[in-house]
Amino acid sequence: MKQVLESCLTATINGETVRIQAIAPTTTLLEYLRQSGRVGTKEGCGDGDCGACTVALMAQGADGKLHYQAVNSCLIPIGAIAGRHILTVEGIANGCLHPVQAAMVQTGGSQCGYCTPGFIMSLFAAYYDGTVNDACVEGNLCRCTGYLAIRRAASLVASSPVQDVFRDRLAQTATELGEVSYDGAQSQFYRPTQLSEVLALLQQHPNATLVAGATDLGLDFSHHRKSYPVLVSLEAVVELNFMHQTTEAVEIGAAVPLSHIEDRLRGVFPSLDEMLYWFAARQVRNRATLGGNIGTASPIGDLPPVLLALDAELKLASAVGERTLPLANFFKGYRQTDLQPGEVIVSCKIARTIAPGAVRRLSQSYKIGKRGTDDISIVAAAFCIDLDEQNQIVHARLAYGGVAATPVRAIVVEQWLLGKPWTAETIQQAKSHLKTAFTPLTDLRGSAEYRKLLIANLFEKFFVEYP
Amino acid sequence: MTTVGQRKSHESATGHVSGKALYTDDQRQPIGMVSLYPVTAPHASARITHIDVSAAYGVAGVVTVLTAEDVPGENDTGVIIRDEVLFPTEVISYWGQAVVWVVGETETAARLGADRVVVHYEPLPPILSIKDAIAANSFQGQPLVVRRGDATTALQAADFCLTGEVEMNGQDHFYLETQASWVIPDGEGNYQIYSSTQHPTETQVIIARVLGIPNNRVVVTCLRMGGGFGGKESQANPFAAVAAIAAVKTGRPARVRLRRSQDMTLTGKRHGLLGQYQVGFSQEGHITALDVDLYADGGWSLDLSPPVLLRAALHVDNAYYIPDIEVRGQIVKTHKTSNTAFRGFGGPQGMVVGEEIIDRVARFLGLPPEVVRERNFYHGEGATNTTHYGQEIFDNRIACIWSQVKANANFAERRIEIAHFNQSHSYKKRGLAITPVKFGISFNKTQYNQAGALILIYTDGSIQLNHGGTEMGQGLHTKMLQVAASALGVKIDRFRLMPTSTDKVPNTSATAASSGADLNGQAVKDACETLKARLAPVAAKLMNLDAPEDLVFEDGWIYSRSYPNDRIRFEQVVEQAYNDRVSLSATGYYRTPNIYWDAATSQGRPFYYFAYGAAVSEVEVDGFTGTFKLRQVDIVHDVGESLNPLVDQGQIEGGFVQGMGWLTMEELVWDAQGRLRSDAPSTYKIPTISEVPEHFHVELLQRAAQEGVIYGSKAVGEPPLMLAMSVREAIRDAIAAFGAVDFVPLASPATPEAILWAIESVKARSGAKSGVAESLLVSPTV
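Same order as they appear, the protein sequences are chains A and B. FYI, in the working numbering the residues of the first sequence are 203 to 669. FYI, in the working numbering the residues of the second sequence are 2 to 783.
None of these hints come from the bench; they were simulated from the model. Warning: the hint list may mix true and false statements.
Said to hold, decoys possible - Going by beta-carbon spacing under 7 Å, a handful of chain B positions derived as facing chain A:
| no. | residue |
| --- | --- |
| 1 | Ala22 |
| 2 | Ser139 |
| 3 | Glu178 |
| 4 | Gly227 |
| 5 | Leu647 |
| 6 | Ser679 |
| 7 | Pro682 |
| 8 | Ser683 |
Said to hold, decoys possible - Some chain B residues flagged as far from chain A (calculated, every beta-carbon gap over 10 Å):
| no. | residue |
| --- | --- |
| 9 | Ser55 |
| 10 | Asp77 |
| 11 | Leu156 |
| 12 | Val206 |
| 13 | Asn216 |
| 14 | Asp527 |
| 15 | Val553 |
| 16 | Gly557 |
| 17 | Pro565 |
| 18 | Asp567 |
| 19 | Ile569 |
| 20 | Asp581 |
| 21 | Phe657 |
| 22 | Lys764 |
The beta carbon of each residue, even a glycine, is placed where N, CA and C say it ideally should be.
Take the sequences, apply the hints, and build the full model.
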């Protein structure tokens, strides 16, 4: 790591090199864009929930190549764009309207137009990936059109695009993220590339805060306007950015974005596929990391129930060494974990083997929110049942989110299920146990009574769908 | 070639997609502009005992702090009555109410300053629900009654009689662009305001009032809005007003832009409404008598609640003839945001009550709800085709639309298919429903039904088009360009559509009540006719013709019907007109004819005409979780001879989805202290693309010209929202399939939780003996 802090960051916005100085690294990319006169990008919420501020970030995809990724600029600390290429709505008309822009004009895809730049950039990013569909704009809210005209626009540009200047640019740009040491407005931003540097920085700066995709911490920058004296970004750390698959297990680095996991592990764990499908929206999955979703220890984090049901194991590292820990032992209380000062999550390992004596595994996850898409769960559940030849349960995991202060397993019910046949009668009995297994709270998302009903009903739903 | 009726893209579409369309807060900031940030109350109801702003000045960049003492004129922004204090000094009326505003060199400085302001409160118990307000006798405004015949007697005479109630949630507008206003003083006592407002004139009047200056010193301009939906009809005013006070006090340009959670916390929403009814009906399902009480949650101040309540009362009937009916309405006063206009303006709430009653009758009698709907339609002539407020429905298109959408949707076949599906599935059920919409078009307040336009032709033949309406995405400006181009016989690209501004067209009405195109279109056309009448003699002279009345203005050319090949260019005539000293600018004006309203008797002809539509929706409901999936939507809607089918289809689709959000997922949650907990898109969920089915078919009613309306078109802004009642009723239909009961209550919004409780209720009552139908499981309140 460079010992001398730079007072200036450089990045490329719409093909133009910009020098960023004298602003706090927690200033969001959206604020920077608008303050620098690039007002085409809009703030609809400042919470990463509406997509109006979507821009395209050139970033490595699961295949290691550069892609345009739709991201919420309101959640990105300006420090994180150091050395990166950004495209905004102002930068994609190359003499004439870009095909996604022309399509939106043609179909009436804009009414008030305020959400439109965000839709354009989501469509733009998907255009170069050949993934123009509903899912590519599920993180963009529109209050005017009812989305139908936008869907028509998407269908006009859904076929594979021609070679153009934007595709050329992907091929001509370097993929590696360099290290950054920036000091702006009395705040420091480090982006080391080695885990040892991360650990050293945590020793030097006990007040440092770790950040990766900033999809959760970004709310503190954008919404709560909190300041952080020292941020250490994990985005470029080699040891945290890997995925390793064997027939026995899968190990995922803590800084791997969820969209990479989605692409590379599709079909390996059905319950993980399902939950990733419902996990926020494309813009968030492009930035959010596995380690972040675990480390925030939110009781309504989407992935912990899935990972608990799959008996995931964490690898943690600090200056004194590495250790492993079952995920079930990681959550200690409301937003509290076993992570020690100076320690970071390195990876998460999920076994692919089923229990001894079992002949088949049933596994699925469920997420119930007020809105199906891009919502915080009222209750999330993940189930993993291994059955022997007699259809007897030899291994059971029932994990839930939204029912307690932490993501949690219904251990008493799991044990009760062992040795029981996988039948409707067993399920009915299990349901009565599940109804008293937790004491969830009533909050704005749902009542305690509803949550209790879901805890039991979801297990029955699982049985009905996986008899 | 005429441009009216073409599928023209939004006039700003290219600007929208390239980020070049500017909104209020996107403009280049003038030098020295200050930003405002509010200090908000942490109680829903409290007495203010002490305000000390001095510490704010300790923050670098704080310029000043605005308090009630800084208001040069009246400290009140109420629009119908003066009950909306801008800077409260005595009491807090809702949680999050702005007490003082800090002015900073930057928004950050103002925010940090606001953190330092000390206000002491003496908390008081808040009133937070309609029922609590009724119990506490907390009302505002005047009660209203709309009646025909004698409902009491008719109820006694009815074959069957049922009582019940339905309560529905409000709705946040969630326009993507939050409230924003800029005020720029000229140093000579005049103020230029840029505001995201649907009602520039009212914003002007309110600013003049709080500044204590004449209206002519205030110019309000609206560039365009990032969505309005009624939420910027009156709600833009207070924020423009505080910015104006900051400009007066500092002498500098000042801006207010609300962050999302501030916007949701501070601004009014759709009225929640409680309807309590007693309905009498026959064995065949004919409704013979109805007695209804409507209680609208007005929130802390009156705002626009009286006309909202009136429109609810005038739409309880929806498309149904009810011989003897009495509708009573009251506005309750609660410690919540002051509820306001929202697409439909009370109409949707009234109609949801009406449809609830229809479904109740149908299930009680064991008849399909669509049959009971059909049997009660307004029909024939005279009384059976006349509303309870005495307006005959001269152009009743309900039956025609109804049969068309049923055919388009294969309604009968799908009823059978769904019955089969439901028989073979225990845990998921499908539901199908068709609902009609009849919506009255015109402002209830007769004087609002007027509009003006101003057209300026320059000597090169280019034209500026001004009219009194504002653009919030609904395509009004696009339609006005089409109207002007058609009426003046020139190509659309000759026009520049000017930002709406009170110094161009004065004394305008709000762009609201779906009336924008109807009113402003006629005014624009009027101005064009005036100009054509002036240009025609000039052209005739140029062409050596002696019959200017025979001239045709078309596509930028002018020619005589008799000699179509002998034509001259529009700009040549314009140039000659200038040389001949003929005026090249004209105003246009329109007032809607033949409407009147007697507020004392609640009778009259308040609506120029009605807009109609009908929708068929199919859903699938999951019995384990209460989640639902909207599977298919078919709509036939009446927009007259569409001015622009692309725009109108967008209004129908967008209105439907917005209505679906209101009725199924958008849940406003206030806690026991009156704090709005759903104050961000993380907690307040509007539909995404994934909630909209692939099969979504909209058909515009054909050969539907509406006489007396601009080019035979009809208003389209609000009516389609109510087509979404078909989703609520389809969900109810699916819930009913989980058992066999004669009553399926369903909370609104029909969230997964509400649906699951409704299913549990149906199951419980189906398993039990008859007679327990009244002991309902209801959703526990949050």
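How the hints compare with the structure:
1. Of the supplied interface hints, the one on Ala22(B) holds, with its beta-carbon coming within about 5 Å of a beta-carbon of chain A, less than 7 Å.
2. The closest approach between the C-beta of Ser139(B) and any C-beta of chain A is roughly 25 Å, which is over the 7 Å cut-off, so the hint fails.
3. The closest approach between the C-beta of Glu178(B) and any C-beta of chain A is roughly 5 Å, which is under the 7 Å cut-off, so the hint is satisfied.
4. With its C-beta approaching chain A no nearer than about 3 Å, Gly227(B) sits inside the 7 Å limit, and its interface hint holds.
5. About 5 Å separates the beta-carbon of Leu647(B) from the nearest beta-carbon of chain A, less than 7 Å, and the hint is met.
6. This hint holds: Ser679(B) has a C-beta 6 Å from the nearest C-beta of chain A, less than the 7 Å allowed.
7. Interface restraint check: Pro682(B) against chain A, minimum CB-CB distance 4 Å, threshold 7 Å, status holds.
8. Checking Ser683(B) against chain A: minimum C-beta separation of about 5 Å stays under 7 Å; hint holds.
9. No Cβ of chain A comes within 10 Å of the Cβ of Ser55(B); the nearest lies about 23 Å off, and the non-interface call holds.
10. The Cβ of Asp77(B) sits about 30 Å from the closest Cβ of chain A, beyond the 10 Å cut-off, so the non-interface label holds.
11. No Cβ of chain A comes within 10 Å of the Cβ of Leu156(B); the nearest lies about 36 Å off, and the non-interface call holds.
12. Non-interface call for Val206(B) relative to chain A: holds, since the shortest CB-CB distance, roughly 25 Å, exceeds 10 Å.
13. Distance check for Asn216(B) against chain A: the nearest CB is about 28 Å away, which clears 10 Å, and the non-interface claim stands.
14. Remark: the non-interface label on Asp527(B) is consistent with the geometry, its nearest Cβ contact in chain A lying 27 Å away (cut-off 10 Å).
15. At roughly 31 Å, the least C-beta separation between Val553(B) and chain A is larger than 10 Å, which holds for a residue marked as non-interface.
16. Chain A leaves Gly557(B) outside its interface by the beta-carbon criterion, the shortest separation being 24 Å against a cut-off of 10 Å.
17. Interface exclusion of Pro565(B) from chain A stands, the closest Cβ pair being 33 Å apart, more than 10 Å.
18. For Asp567(B), the non-interface assignment is confirmed: its Cβ lies about 38 Å from the closest Cβ of chain A, beyond the 10 Å cut-off.
19. With a cut of 10 Å on Cβ distances, Ile569(B) stays outside the contact zone with chain A, its closest approach being about 34 Å.
20. Annotated as non-interface, Asp581(B) keeps its C-beta farther than 10 Å from every C-beta of chain A; the closest such distance is 41 Å.
21. Once the 10 Å rule is applied to beta carbons, Phe657(B) is inconsistent with being away from chain A; the minimum gap is 6 Å.
22. Under the 10 Å C-beta cut-off, the non-interface status given to Lys764(B) relative to chain A holds; the minimum distance is some 12 Å.
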